[in-house]
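J.: Listed below, chain by chain, are the residues.
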Amino acid sequence: MWPSDSNDHRVTRRNVIIFSSLLLGSLAILLTLLLIRTKDQYYELRDFALGTSVRIVVSSQKINPRTIAEAILEDMKRITYKFSFTDERSVVKKINDHPDEWVEVDEETYSLIKAACAFAELTNGAFDPTIGRLLELWGFTGNYENLRVPSREEIEEALKHIGYKNVLFDDKNMRVMVKNGVKIDLGGIAKGYALDRTRQIALSFDENATGFVEAGGDIRIIGPKFGKYPWVIGVKDPREDNVIDYIYLKSGAVATSGDYERYFVVDGVRYHHILDPSTGYPARGVWSVTIVAEDATTADALSTAGFVMAGKDWRKVVLDFPNMGAHPLIVLEGGTIEKSETFKLFERE
Amino acid sequence: MKKVRSFFRKKDVVLIILIFVVLIFSILVSEKKGSKVVVQGKDFRKILSKPGTYDITENGRFLMKVEFHGNRVRVVESTCPLKLCVKTGWVGPGGTIICVPNEVIIFFEEKTDYDTVTW
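Residue numbers (my numbering), protein chains in the order written: chain A, 1 to 349; chain B, 1 to 119.
One chain only, chain A, in its complex shape (with noise of 0.2 Å):
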């Protein structure tokens, strides 16, 4: 490559080609250096809300990401004690302290227990925001330090007062009562309520805002990775650390239901969290239930509803979600996987 006579050092032909080419390659790695700094400001930050853990992942261009992020964590808390079945300042408490009834509401909640019961409807009942009275005979209220197997005369009685018809709407006076001595309980759906609420946000701030928000599991996107990938979500394995399937979403959201979210064990028996409102048990057949849907709430609510159904039918919950919008991948007991055609779509980059 060089010449013999290594004195040769004259501005030649190839020894500009040389130099340049050299002086260009530096020239391009250090733009790309720079630009992989550029993009690498996903503002990052954990903690706790909704009764669950919270991850907010943002970026702007227009605005420090950390406002954004703690503008979003701020309407989490307060989504949290609002809808909240135990707290004091909770509007569904409020309610449920006031059967038969008008309580005057405003228009989030009246949206929010509306938007609930529309899901109860569509979904037949296997989602259910009247079964307040069941998960506190079960304990899964406030900081689960009652936990216990209810016996069978127990569950039937607080079945008697379970059944989202028993909550009454007034359009014109934006008014909600509760009869039949049903409690309201929004734990299956304002966590996606909130979690779009924080797309909101972060686009009222700067609406080329980019990132995901993931409170307990379930995830919404803000905007596609670095403004044009799609983010890399994993499926739980239900059963092991460990991850059984990879979704891509540039949009949209995605929401689980396990039974090994929340749960306790007596006599070698798991007794779960997700109820089935027409037994008064944890319902069975099913480890986990995975929905990409447009929106959080949909996804939060029609995972609960599709983990009621899929261990009765899940050819049901494989042929009817996709038509709400939802799109299912469920785990059977035994680890067994189901899906629609249309969640093989999210599968791919």
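Hints are computed from structural coordinates only; laboratory data are not their basis. Among these hints, one or two may not hold up.
Computed list of lysine-lysine pairs in DSS-like fashion (alpha-carbon distance at most 30 Å, straight line) [what the hints assert, rightly or not]: (1) LYS77(A) - LYS50(B); (2) LYS160(A) - LYS179(A); (3) LYS312(A) - LYS87(B); (4) LYS50(B) - LYS11(B); (5) LYS77(A) - LYS111(B); (6) LYS82(A) - LYS160(A).
Fair warning: this is a prediction, and the values are worked out from it, not measured in the lab.
For chain A, the structure is supplied; the task is to place chain B on it using the hints.
T.: Okay, now just chain B, sitting in the frame of chain A:
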């Protein structure tokens, strides 16, 4: 003979290549920090880099005992009622242990081939 001004020597190329190698190497090294586990609570953030068993306390109150094995971590005991963090068992990079009552999150700093997990 008139000496021609040196423009570009073999040594220069060697030097440039050397600088590149060092640069790229240092970038690679900084990317792979090795397994470190973050234990984050309400008022503290503890980073575990050496294997061992650690007592996690918050303002002097014992919360849990964490065992770290380099590429795996688990909660051995905890003061929470349901003990879901203990039942979670061993967790590797990409996995997370969450103790809701104690408000403690345990996760690896190391990057995985996915961004997050739905569970």
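J.: Now tell me if each hint is right for this structure.
T.: Quick rundown of the hints versus the structure:
1. LYS77(A) - LYS50(B): Given that 30 Å is the threshold and the Cα spacing comes to 35 Å, the pair is violated.
2. LYS160(A) - LYS179(A): holds (12 Å)
3. LYS312(A) - LYS87(B): holds (27 Å)
4. LYS50(B) - LYS11(B): The hint is violated at about 43 Å.
5. LYS77(A) - LYS111(B): holds (28 Å)
6. LYS82(A) - LYS160(A): holds (27 Å)
Violated hints, in rising order: 1, 4; the structure is consistent with all others.
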